[in-house]
Every structure is written in structure tokens, then in C-alpha cells.
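Start from the sequences and build out the full structure, keeping to the hints where you can.
So the protein sequences, as listed, match chains Y and B. Under numbering that gives the first Met the number 0, the first residue of the first sequence carries the number 0, and numbering increases by one thereafter. Under numbering that gives the first Met the number 0, the first residue of the second sequence carries the number 0, and numbering increases by one thereafter.
Because the hints were derived from the structure by calculation, they are not lab data. Any given hint might turn out to be false.
[Stated by the list, open to error] If you want a taste of the chain B side facing chain Y, the calculated C-beta under 8 Å gives, among others:
#1 ALA35
#2 GLN39
#3 ARG68
#4 ARG107
The beta-carbon is built from N, C-alpha and C at its ideal position, and this holds for glycine as well.
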Amino acid sequence: MSNPDEQFADDVLSGMLASIDHPAPLLRVHDVIVRARMRTKRRSALLAAAAVLAVSGVAAAAVPNSFLHRYLERLSAHRPATPTQEGATAPAANDAASRGIAFAPGLQLDVDFRAEQVSGALEVRWGDTPLVHLSQTGSIGDAHYAVTPGGVIVDNGGSTASYSLVLPRTLASAHVRVAGRVVLSKDGETVSCVGVRADSGTCVIVIGVVR
Amino acid sequence: MDSRAFEGEFRAAFAARFPEVFRVVDRYLGDASLAADITQETFVRLYRRGAMPDDLRAWLVSVALNQARDEQRRSARRIRLLRRRTPEEHMGDAPPSPEEDVLAAERRLLVRRALATLPPRERALLLLREEGYSYRELAVALEIVESSVGTLLARAKVAFRRAYESLQLIPEKRSTDVKP
Numbered sequence: 000m001s002n003p004d005e006q007f008a009d010d011v012l013s014g015m016l017a018s019i020d021h022p023a024p025l026l027r028v029h030d031v032i033v034r035a036r037m038r039t040k041r042r043s044a045l046l047a048a049a050a051v052l053a054v055s056g057v058a059a060a061a062v063p064n065s066f067l068h069r070y071l072e073r074l075s076a077h078r079p080a081t082p083t084q085e086g087a088t089a090p091a092a093n094d095a096a097s098r099g100i101a102f103a104p105g106l107q108l109d110v111d112f113r114a115e116q117v118s119g120a121l122e123v124r125w126g127d128t129p130l131v132h133l134s135q136t137g138s139i140g141d142a143h144y145a146v147t148p149g150g151v152i153v154d155n156g157g158s159t160a161s162y163s164l165v166l167p168r169t170l171a172s173a174h175v176r177v178a179g180r181v182v183l184s185k186d187g188e189t190v191s192c193v194g195v196r197a198d199s200g201t202c203v204i205v206i207g208v209v210r
Numbered sequence: 000m001d002s003r004a005f006e007g008e009f010r011a012a013f014a015a016r017f018p019e020v021f022r023v024v025d026r027y028l029g030d031a032s033l034a035a036d037i038t039q040e041t042f043v044r045l046y047r048r049g050a051m052p053d054d055l056r057a058w059l060v061s062v063a064l065n066q067a068r069d070e071q072r073r074s075a076r077r078i079r080l081l082r083r084r085t086p087e088e089h090m091g092d093a094p095p096s097p098e099e100d101v102l103a104a105e106r107r108l109l110v111r112r113a114l115a116t117l118p119p120r121e122r123a124l125l126l127l128r129e130e131g132y133s134y135r136e137l138a139v140a141l142e143i144v145e146s147s148v149g150t151l152l153a154r155a156k157v158a159f160r161r162a163y164e165s166l167q168l169i170p171e172k173r174s175t176d177v178k179p
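Below is the structure:
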């Protein structure tokens, strides 16, 4: 226990502490209550705003062709990319149409088939859809799809498959290449295609003999 | 609890405890305007709580001193970043006016500086005990074991006296010391 002589006497200590006091501010209890209530209201308003944002976000996501809808679809397109790629390599002869990807494009789209094939064709159609759909329609192949910020890269070396590509009609700019060569392009309203064009706008490009 | 009943209790608590909480925080920080803000914020929190705590006194000083400690940490950081300041400047002491008793002003400065040397818990113990807090209330407010309050309090008082006396021995270099 400390020696009491080592401490100031209580009244001395009280005097010392009292000497440093400032006068208490004149504050009305009413002001404190108003301030507390205002903060509660502000908090409620923030919660309400957050709720409205959440609801409108869900609503926006549900509207086809909305930015959020496209963004979410693009996100979900990223996730199954790996399983889809694996699926493309799996020998499931009757399930060729299910092998492919769908994603929401950006302002500009690039679809790059890395290699020429021994056989196969690419059918490109324009659709009223916000998504790019690329699927394998022909025989068994071993193409792999990789979605990039600008579009998709198809690693189709050694594949003999054919493909169906559906592009959003609203797309402003698109380029489809096979082994680096542009086989289809769209810039604004101008569409050019090196394959056979139908009246509907469908373009069939033979990718097995592109030379 | 009925909201009207609570509001009545709140008004009573404000009238009874505001000066005390302000005084403790003011002594703790040495900054009256900051102490006023913190005390007001403490009562705002009490109101928003919507119910009186079991131990109102302990609750009030606990909330107020937590804010004071947070504020000290923030201002310590600010001061480190901005410039080096002496503790008495930081504590917002008004410069002594020409009429003010120089000795009294120096004593106040020494008290503040001695308090500032104490660790936060010891400083709070000293100040709250001075306000008449019981050992139990001190234990609740500062989250310490009641049986150790006496020892810690005695230690704080000794530390305060030692700090005060050692500061008295240090010659002060102040603007009022300028010789002609």
C-alpha cells in the first residue's frame, strides 16, 4: 500500500483539480433532444434510401436489356465458362448444341477463333437479344472458350466442329476473326461478311477452308 | 418503458449529471470546447438509447471517457502529422492574461501537465473519485475489478504527486520569462 505522505491530502487535491475547471457550457436539454431526434430521422432516411436502392436494383436487374441485367448476365457468363469449356472437350456426341457460352458484350465485341479448322462452319445471326450466344453445333470438337473484357477467344485448334454465333442486333461494333483474319465486321450500320449472306442477315462462314 | 416517462427521466438525468460529466471530461482532456461536445454527444447517445441504463453515472462517464480517449488518439495523430506542440498547447489552455496571477496560472499549468502524464485509467480514477464515485461505480465505469480499485487509486494519487513535483523542478521556458 502506498504511503499516504506520498499523496496530496484530499482537500489539496480537490483544490488543485478545481483550479483547472472551466465553466460548464449553457446547454438546454431541449437542444440535445432535438439533436438526438434529428440523427434518428437521418438514420431512418438513410435506411429508407438504402431499401429503395436495393428494390430498384432488383427491379432493374429483372428488366431485360438493362445495364444491370446485362452486367449480371455477363458475370454469370464468366462463372460457368470453365465448366462449359470442359464440356466442349467432353465426348458427348448428342449434346453438341449445349456446348458454348453466352455473355453480355461491351460496346465493342471481338470474337476470335484462334485457328483455321480442317472442316466446319460458323453461322452468324443477328438477334433481339442483349447477349452474345456462341455454341457448337456440329461434330465433336475440343474448342475452349475464354471470355475476355472485349469478347471471347475460341481456342479451336484441332476442332472439326461448326458453330452458331448470335449477336445482339443493337451491337455498335463487332469483329469476328478466324486465325487473325476478319471474316465478319459490323461498324455502325455497315456489316460485311466473307461468307454466304442470307436475306435475313445471317452469314455462314466456312472456317475450314478460309484461305 | 413509456417514451414520455423516459423523456422525463432523461431531462432529470441531464439536469443532474451534465455538469459533472462535463467537469470530468474537461479535467481529463483540458479542453473545454471538446469536453462540451463530448458531453453533449454522450447525452445524445443516452437519449437515442431509449432507456435508462442500470447504473446511469457509470454509463455516462464510461461513454464520455471512451470518446475522450478516442479523441486524444485522433488528436495525437493529427499533432504528429502537423507539427510538434507542447501538451499545454494541445490541451487548449488560454494564454494567461497580463492581469492574471502568474503563480496561479503556473500552478494550473502544472496540474494539467501532471494529469496528462498519468495513464488514461489512472487519470480517470483520480478524477472520478474526486467526483465522489464509489469503488463499485469506478469498477463499472472503468471495467476494472472492484477489489483492485483502492490499490490503483492510491497508485494514481502517488503518480500524480510525483509528476507534479518533478514538473515543478523543471524550469519553464515561457514567453513570460523573457528578460528585458
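Structure-based check of each hint:
1. The criterion of a C-beta within 8 Å of any C-beta in chain Y is met by ALA35 of chain B, whose closest approach is roughly 4 Å, and the hint holds.
2. Look at GLN39 of chain B: its Cβ gets to within about 6 Å of chain Y, closer than 8 Å, so that hint holds up.
3. Below 8 Å, beta-carbon pairs count as interface contacts, and ARG68 of chain B has none with chain Y, the closest being about 19 Å; its hint is therefore violated.
4. Annotation: ARG107 of chain B was flagged as interfacial toward chain Y, and the flag holds, the nearest CB pair being 5 Å apart, inside 8 Å.
In the structure shown, a violation is registered for the earlier hint numbered 3 alone.
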